[in-house]
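Each protein sequence line maps, in turn, to chains C and D.
Following this note's numbering, the numbering of the first sequence begins with 1 at its first residue and continues without gaps.
Following this note's numbering, the numbering of the second sequence begins with 1 at its first residue and continues without gaps.
Simulated from the structure, these hints should not be mistaken for lab results.
Only a predicted model underlies this, so the values are computations on that prediction, with no experimental measurement involved.
Cβ atoms here follow ideal geometry from the backbone N, Cα and C, with glycine treated the same way.
Hints may be right or wrong, so weigh each one.
Said to hold, decoys possible - Coverage of chain D stretches by chain C, computed from C-beta distances (three or more under 8 Å per stretch; other residues unrestricted):
#: 1; segment: 32-40
#: 2; segment: 71-80
#: 3; segment: 98-106
#: 4; segment: 115-128
What follows is each chain in one-letter form.
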Amino acid sequence: MKKKICLIFISIILLTFVGCNQYQVDNDTIIENINNPFPDYKYNQETAQSPYGQSSMAISEMGYYYIIDDILYFYNINSDVNMPLCSKGNCKHKDKDCDAYVNSINAQTANFSCNCMEKKLFYYNNHLYCIEITADRDYYLYQYNTMFSDKKCIARLASVKEEQSMVTNARACLISNGYFYFYTSTMDEQYAQKGFIADFQCNRIRLEENAVIEQLGEFEFPGDYAMKAGDSNGLAIFCSDENIYFYAGGTDRFYSKENMVQYRVAKFDVKSNRFDMIWTYTGDEKNDVLGKDTGIASRSGGESVKMDSHGNFYMFTSSEKAKDFDVDMIIKVNFENDTSSVIYKTQKEQMYALQSDGEKLYFFETTSSTDSKSWLIAIHMDGTVQSSFEFQYDEEYLSHMERIYKEVPDSNAERPNASNIIICGIDDRFILLKCPEISNVFKGLISSNIYKISESMDKIAGVGVINKSEYLKNEETSIKQIYQCVL
Amino acid sequence: MKRKILKTGAITLALSMFCSIGAFANQTRNVEYKDDPFSSLYTDDYGVSHYITGTASCSATVEWIEGYYGWVNSANFPKPHATIEGNIVNFRSKGPLTMTGSIAYYEYYINRENHIARPTVGCDEYGDTSFYVNCW
């Protein structure tokens, strides 16, 4: 009897050790090369910076850094482990007590102080980088180690108090060949009286200690394509064909009704150090502004625009046949050569979430009905389709909707399509997808319980990856879920 | 004595089964949010404050199984009313009415532009509902 009690006691202690610290991270190393699913993969840190368009993840040799509900996660591809970057025992990884907590500007309380502006992270030369804003609105570029610790200040990028200058749009920053490229904008008391027009500076700084900011050029542009602080305001920075492109665009201003459509495109030649404005537009005309038959570019803000590796820009536009602001075309524009063309027209209803890896474009195509469908499409830069992946709905959700239609026969409720799914980023290994609670219906991206909601109804339901190679070869593939919200 | 204990046990078992079946029964109710105010004070990057204020309504039928699941069976979202900086906002229907396992929402265009307002209603596993409007 005593032996039995001892055995039970020892088992309980052992089980306790197994059960706790589910997310405890080894401070020294991330588990490496347990099972490398991509033995031929060669990491290129320049193309890993998403130079052809904005991305919501930072790509390292070992995997992806990305954010779920204010917590920084790392997905280790080799070990197939997805975990928050927090080494605290018994941490619930939900709030600012967590080592992996990241926050951004709170426009509703006018609190700019944050540790990761616009929750945008970069990975370069074995370090993480992000912009921190102080309570006085000084903007600092900080460097961390791969575990998001060992914090080190690289440089002050701007200061509202001392220079009347701020960093604008952390997502419109780019690291390229050892430089950090970024926009600043000048604070002006007369900003509203001047019709919400501001001065924007195009800058870069070398990623080394005691580096000095170089201002490469500047232009005037509306500041009210963003509704509030921290929103995207139409800016983007790209690297294509070894040049840096500073892009600003928009068609719907929030607070002014004058000159609603404006574009600025500048090129910085890194070899000659020459900065040239290569295209500008200011006006109210929305149709065919970017060229004959290019339609209305209602999604031409920098966050939605992509490039290839030859200096060409790509964006969604709406033809005359499109309903309201639905986009049904992809156009290709070369601002230097003043050429444009329609390269793709959808046969479905709508398109969303344009992405580029420099060689192909990726986006969602959707139909909208009680039988909504969504596809992830990959096309070549000439518009020919390479691959198509149809999103599958969760069976429990489908049964739930069948019940709804039986109980409410005249219901016109539809299934969510993929329009709210976020493509965090693409490299040669995976396409990383994040799905918010508002679209908690897809296999591979679903929460633990489709009937439960969080208090705020804005959590991430699930995160998954699609094997890019299998997808592009049109082999049978599915979304592999790497994170599931437990509700 | 033994018979009494067995009898009591059987009655208790029967009663608890009856109660648990009752606890798993679906419950439904109609909810209405009438002219619920929503307002947001936003500061932009340049420190200028902007005011979006308005009201939105929703009528819905929700259903739940106590402690387990909650969902929306049907919902209607009339056009909201709002002002931005004191200027009346025109909302135009975008749709569609969309449902997941637990929420329903609808989308409107703001001011004939490609900005969106999305009223959303959800029901949790205790029959408690929440309603809010998101704009971007």
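Here is how each hint holds up against the structure:
no.: 1; hint: 32-40; result: violated (count 1)
no.: 2; hint: 71-80; result: holds (count 4)
no.: 3; hint: 98-106; result: holds (count 8)
no.: 4; hint: 115-128; result: holds (count 6)
Hint 1 from the list above is the single one not met by this structure.
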